[in-house]
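If you read the protein sequences in the order shown, they are chains A and B.
For the first sequence, our numbering gives the first residue as 1, with consecutive numbering after it.
For the second sequence, our numbering gives the first residue as 1, with consecutive numbering after it.
Treat the hints with care, as some may be off.
Some chain B residues well away from chain A (every beta-carbon gap over 12 Å; in silico) [as the list claims (entries may be wrong)]:
#1 Gly71
#2 Ile72
#3 Arg104
#4 Gln108
#5 Tyr112
#6 Gly157
#7 Tyr182
#8 Pro277
#9 Ile281
#10 Val285
#11 Tyr356
#12 Gln365
#13 Ile390
#14 Pro440
#15 Lys481
#16 Gly494
Just some of the chain B residues that point at chain A, by a computed CB distance under 8 Å [as the list claims (entries may be wrong)]:
#17 Leu385
#18 Pro391
#19 Asp408
#20 Phe438
#21 Leu473
#22 Val477
#23 Ile483
Here are the simulated distance ranges between beta carbons [claimed, not checked]:
#24 A:Thr159 <-> B:Asp455: 23 to 29 Å
#25 A:Thr159 <-> B:Val416: 32 to 38 Å
#26 A:Tyr286 <-> B:Tyr203: 57 to 63 Å
I should point out that these hints are in silico values taken from the structure, not numbers from a laboratory.
Since the structure is predicted, the reported quantities are computational estimates derived from the model, not experimental observations.
Beta carbons are placed, not taken as given, at the ideal position from N, Cα and C, and that holds for glycine.
As a plain string of letters, each chain reads:
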Amino acid sequence: MEVASSIRPMLAVSVSALAALLILFTGERRRNLRELWTILASVTKFSLVASMMPTVLAGKIIECTIIDFSPGIALQFRVDAFGFFFGTLASVLWIATSIYSIGYMRGLNEHAQTRYFFCFALALTGALGVAFAGNVLTLFIFYEILTIATFPLVAHRETPEAVRGGRKYLAYLLTGAALVFFSMGLTYTLTGSLDFAGGGFLRGRGSDNLLRLLFVTFLLGFGTKAAVMPIHEWLPTAMVAPTPVSALLHAVAVVKAGVFCVLRVVLYVFGPQLLSDLNLWLVLAYFASFTIIVSGMLALAQDNLKRRLAFSTINNLAIIIMGAALLSPSAIIGGIFHIAGHGFMKITLFFVAGAIYVKTHKENVSELDGIGRAMPITMGSFAIAAMGIAGTPPVVGFISKWYLCLGSLEAKEIVFMFVLLTSALLDIAYFFPIIYNSFFSKPQGWINSGVDEASWLMVVPLTACAVISVILGIAPDAFFRFFQVATLAARNIVGIG
Amino acid sequence: MTPPFPILIILVPLITAFFIPIIGWWRRDLCYPLVIAALSVSALSSVFILHLVGEGGTIHYYLGSWDPPWGIEYVIDHLNAFMAIIVSAISLIVALSSKRSVERELPQKVVYFYCLFLLQVTGLLGIVVTGDMFNLYVFLEIASLAGYALIAIGEDGAPFASFNYMIYGTIGACFYLLSVGYLYVVTGSLNMADLSRILPDLYHSKVVLMAFAFFIVGVGLKMALFPLHVWLPDAYTYAPSAVSALVAPLMTKVGAYVLIRIVFTVFKPSFSIELIPGTAILSWVGAIAILFGCILALGQTDLKRMLAYVLIAEVGYIALGVGLANKAGLTGAILHILNDALMMACLFLVVGAILYKVGLRNIHQFTYLHRKMPITMAAFTIAALSVIGIPPTCGFFSKWYLVLGAIDANQWLFAVVLLVSSLLNAILFFRVIENVYFEPANAHGDRGHEEISIDEAPLSMLIPILIVTAGILSLGVLSGKIISSVIQFAVPAGL
Numbered sequence: 001m002e003v004a005s006s007i008r009p010m011l012a013v014s015v016s017a018l019a020a021l022l023i024l025f026t027g028e029r030r031r032n033l034r035e036l037w038t039i040l041a042s043v044t045k046f047s048l049v050a051s052m053m054p055t056v057l058a059g060k061i062i063e064c065t066i067i068d069f070s071p072g073i074a075l076q077f078r079v080d081a082f083g084f085f086f087g088t089l090a091s092v093l094w095i096a097t098s099i100y101s102i103g104y105m106r107g108l109n110e111h112a113q114t115r116y117f118f119c120f121a122l123a124l125t126g127a128l129g130v131a132f133a134g135n136v137l138t139l140f141i142f143y144e145i146l147t148i149a150t151f152p153l154v155a156h157r158e159t160p161e162a163v164r165g166g167r168k169y170l171a172y173l174l175t176g177a178a179l180v181f182f183s184m185g186l187t188y189t190l191t192g193s194l195d196f197a198g199g200g201f202l203r204g205r206g207s208d209n210l211l212r213l214l215f216v217t218f219l220l221g222f223g224t225k226a227a228v229m230p231i232h233e234w235l236p237t238a239m240v241a242p243t244p245v246s247a248l249l250h251a252v253a254v255v256k257a258g259v260f261c262v263l264r265v266v267l268y269v270f271g272p273q274l275l276s277d278l279n280l281w282l283v284l285a286y287f288a289s290f291t292i293i294v295s296g297m298l299a300l301a302q303d304n305l306k307r308r309l310a311f312s313t314i315n316n317l318a319i320i321i322m323g324a325a326l327l328s329p330s331a332i333i334g335g336i337f338h339i340a341g342h343g344f345m346k347i348t349l350f351f352v353a354g355a356i357y358v359k360t361h362k363e364n365v366s367e368l369d370g371i372g373r374a375m376p377i378t379m380g381s382f383a384i385a386a387m388g389i390a391g392t393p394p395v396v397g398f399i400s401k402w403y404l405c406l407g408s409l410e411a412k413e414i415v416f417m418f419v420l421l422t423s424a425l426l427d428i429a430y431f432f433p434i435i436y437n438s439f440f441s442k443p444q445g446w447i448n449s450g451v452d453e454a455s456w457l458m459v460v461p462l463t464a465c466a467v468i469s470v471i472l473g474i475a476p477d478a479f480f481r482f483f484q485v486a487t488l489a490a491r492n493i494v495g496i497g
Numbered sequence: 001m002t003p004p005f006p007i008l009i010i011l012v013p014l015i016t017a018f019f020i021p022i023i024g025w026w027r028r029d030l031c032y033p034l035v036i037a038a039l040s041v042s043a044l045s046s047v048f049i050l051h052l053v054g055e056g057g058t059i060h061y062y063l064g065s066w067d068p069p070w071g072i073e074y075v076i077d078h079l080n081a082f083m084a085i086i087v088s089a090i091s092l093i094v095a096l097s098s099k100r101s102v103e104r105e106l107p108q109k110v111v112y113f114y115c116l117f118l119l120q121v122t123g124l125l126g127i128v129v130t131g132d133m134f135n136l137y138v139f140l141e142i143a144s145l146a147g148y149a150l151i152a153i154g155e156d157g158a159p160f161a162s163f164n165y166m167i168y169g170t171i172g173a174c175f176y177l178l179s180v181g182y183l184y185v186v187t188g189s190l191n192m193a194d195l196s197r198i199l200p201d202l203y204h205s206k207v208v209l210m211a212f213a214f215f216i217v218g219v220g221l222k223m224a225l226f227p228l229h230v231w232l233p234d235a236y237t238y239a240p241s242a243v244s245a246l247v248a249p250l251m252t253k254v255g256a257y258v259l260i261r262i263v264f265t266v267f268k269p270s271f272s273i274e275l276i277p278g279t280a281i282l283s284w285v286g287a288i289a290i291l292f293g294c295i296l297a298l299g300q301t302d303l304k305r306m307l308a309y310v311l312i313a314e315v316g317y318i319a320l321g322v323g324l325a326n327k328a329g330l331t332g333a334i335l336h337i338l339n340d341a342l343m344m345a346c347l348f349l350v351v352g353a354i355l356y357k358v359g360l361r362n363i364h365q366f367t368y369l370h371r372k373m374p375i376t377m378a379a380f381t382i383a384a385l386s387v388i389g390i391p392p393t394c395g396f397f398s399k400w401y402l403v404l405g406a407i408d409a410n411q412w413l414f415a416v417v418l419l420v421s422s423l424l425n426a427i428l429f430f431r432v433i434e435n436v437y438f439e440p441a442n443a444h445g446d447r448g449h450e451e452i453s454i455d456e457a458p459l460s461m462l463i464p465i466l467i468v469t470a471g472i473l474s475l476g477v478l479s480g481k482i483i484s485s486v487i488q489f490a491v492p493a494g495l
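Pulled out of the complex, with its shape left as it was, chain A reads as follows (with noise of 0.2 Å):
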């Protein structure tokens, strides 16, 4: 494959680090000028990973090495489709949720606001690391990045709930990436070699169980920042974080760090023809089938939004493995653009939340009967993204649905195509009676003491993000061709596997 060499993978990566400098600098008297710098970093970093694309569409691949480590490994960024299609994703929506920040930070009148836009830069750093990451090694640097900067923003609200939120998270992070390191160190022994190469490097380079092994700690490491069930408890508890952090950070950038690692080893580490030597495939695509299931189920039960909304994460992210693990190309195809599909419908949802505790401080889904019609065209977008995840066409969710149906038939394992179905369904079960109730259940009686739309700066994101959904829906490609890059990257892995 060409390589082509360029700086801008490392700009688009530290653009942000550097906005992180000038925020905890500028501080909390000119919070205007700020907050400019969020505004700024993120449109660059937008524009820089979109000068990416004529050169990804191309096939090509943008490297970057900044220094050797030691033989075999140096902190290089090599932008393939896949980490394209990531980083575009978190790109995209952290100009979105910036503005939606500062209408939230500023409606609730929080307090230790430069913290909380320092860590949120400082993320982004991380997210895009992962993203643009060549090696995983450099993978791993940026990985905990992202863990760190993250920390500060659950326990953004300091009372004791949120505390406890902050050190759960922490800890199964923290034990992750112990994992990780561990199985990132027995790679190195085993093949010299940490470069990620579309159909994987480990086969032939180790005795099968060895090998086995080494995929279970992978798995465990990188599946606890994916909240694969049963490490998934830290994600609920985390949603006591403020509601943008919930919204980019534990729809998009965090936990979708998580699942495209998890990708990153299943695919590109191991590649499909190990895995299916192994049999290890199936036994991953069963793990995902218990959580998507279980977690459809929990999100049943729950009466916080948010909580609630945190299970139908899980389930999702669970689906996106499942199309990984299958293995053929629709699925494989239907997954990574699930994360983007996803990541869209996702943020929609969130920031309805967030709009709605903003406007009225209620948490919980029994309390919401009849908002709909105080705030319509914010439950409007939370129904349009609602259906999308359910997989009601023609909103986004129904094209990934529909490829990880055609890739579990590929794989000729109809029951998989079962489970998914079947998450659809709870899906529905869980979303519609919060659509059915707020638009068209008595109003309680504070609906009627004046509350309307929350401030532009969170409507006009959420609203933006809904359309986009509907729009990635009817053309998959229309916006920054996310189909065609994510056909691209499957094509890529199972061509070379």
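With chain A held as given, fit chain B onto it using these hints.
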């Protein structure tokens, strides 16, 4: 002609140390600049030496032009030069920051403090440049005696802690001296290179075995290797802050250097690894030290004492790396000497700054500290992340090589120990970080923001902290360069 730098490194601080009481008797405020000047000369010479070694290989300097093995020889290869830079640079940084805290904590004893400070540094530098076993003993005792005195001038409890340290340290020195004597009896030589030539024929002699064992115990006592660490927590807790900041990063690391020299240079790797299970025992001791240090640190509420236990664990890392006895493990151990010197210097300097500014040591009283001292606490956080081993700080990279070494040696248990200790360190340090950064909401839910304003440590303390923090952040990414230009030559061939 041999360049005079090896001897300059030691002579300049030694002679200055003698002049300080005289000059201090005349003008007390001249002590500080004099110390800085002397240490700067040492540091510059070390940098120059490393450059020379990089260009032309090992440097030999014959003291008084007496040829070895009769005369004392100073040998500087990559490992020595590397250690010399660490010792001279860290001591210079600590000296820079010491001014205000010494004036505050020891107003009557500034002159004696600086005199002893320089003697201690002289001893440490002497240990790392000499190529002679007995000369090493002399410097070891100079450093130790200065250390006992420095620690004893601390707060209440310091004299007792120092006395305790002195007993243990002297026992260690005796063991070391005994084994030097044993080796002299059987070989007739004190020169390291000479010994390593003569000894292989005598590897089966009981005397040589005893000498090796005594060496390990003696050096183990000096570097506070578990279970010979008992003196350390008290001594480093009660010492004045400037002293803890000097001895904590350096004394144990220099001990680790002596360990590496004895295990891999004086004795051949074939002896330490194959003939007797020396390195295997060392690795187990190291692993237990890591867990022991971390777990005991969990029980401390005094930040300084907690760091002392963390230090015991860090010494365990180095011992484990040496004990793994393969390329990656030893690379990790040597890299960790540098990284840990930086981390410990940073942490103890921060403790000194906190003590100076707010006089607090109990981690539960650290609330609001991030408002008062934002820069200091940011430095603390970065150093803490490095101890935990979060990339891109330097602590991650030495841990990476140690884990690689453990896997390479097929000792997965040690890899697990290393990772578990990361998690324990995370608990340790995030406990402090939580106390510093998160503010307890009072009954009314508001946090009383306004009345606390920034009250940072003086610049003379802040700048050294920032220098070390910058080192922690940058040396990790540069570790590949450090290994390829220095450390790989320090790892003996055949590992």
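State the violated hints by number, sorted upward, taking the hints as numbered earlier in the document.
Hints 13, 14, 15, 21 contradicted; others consistent.
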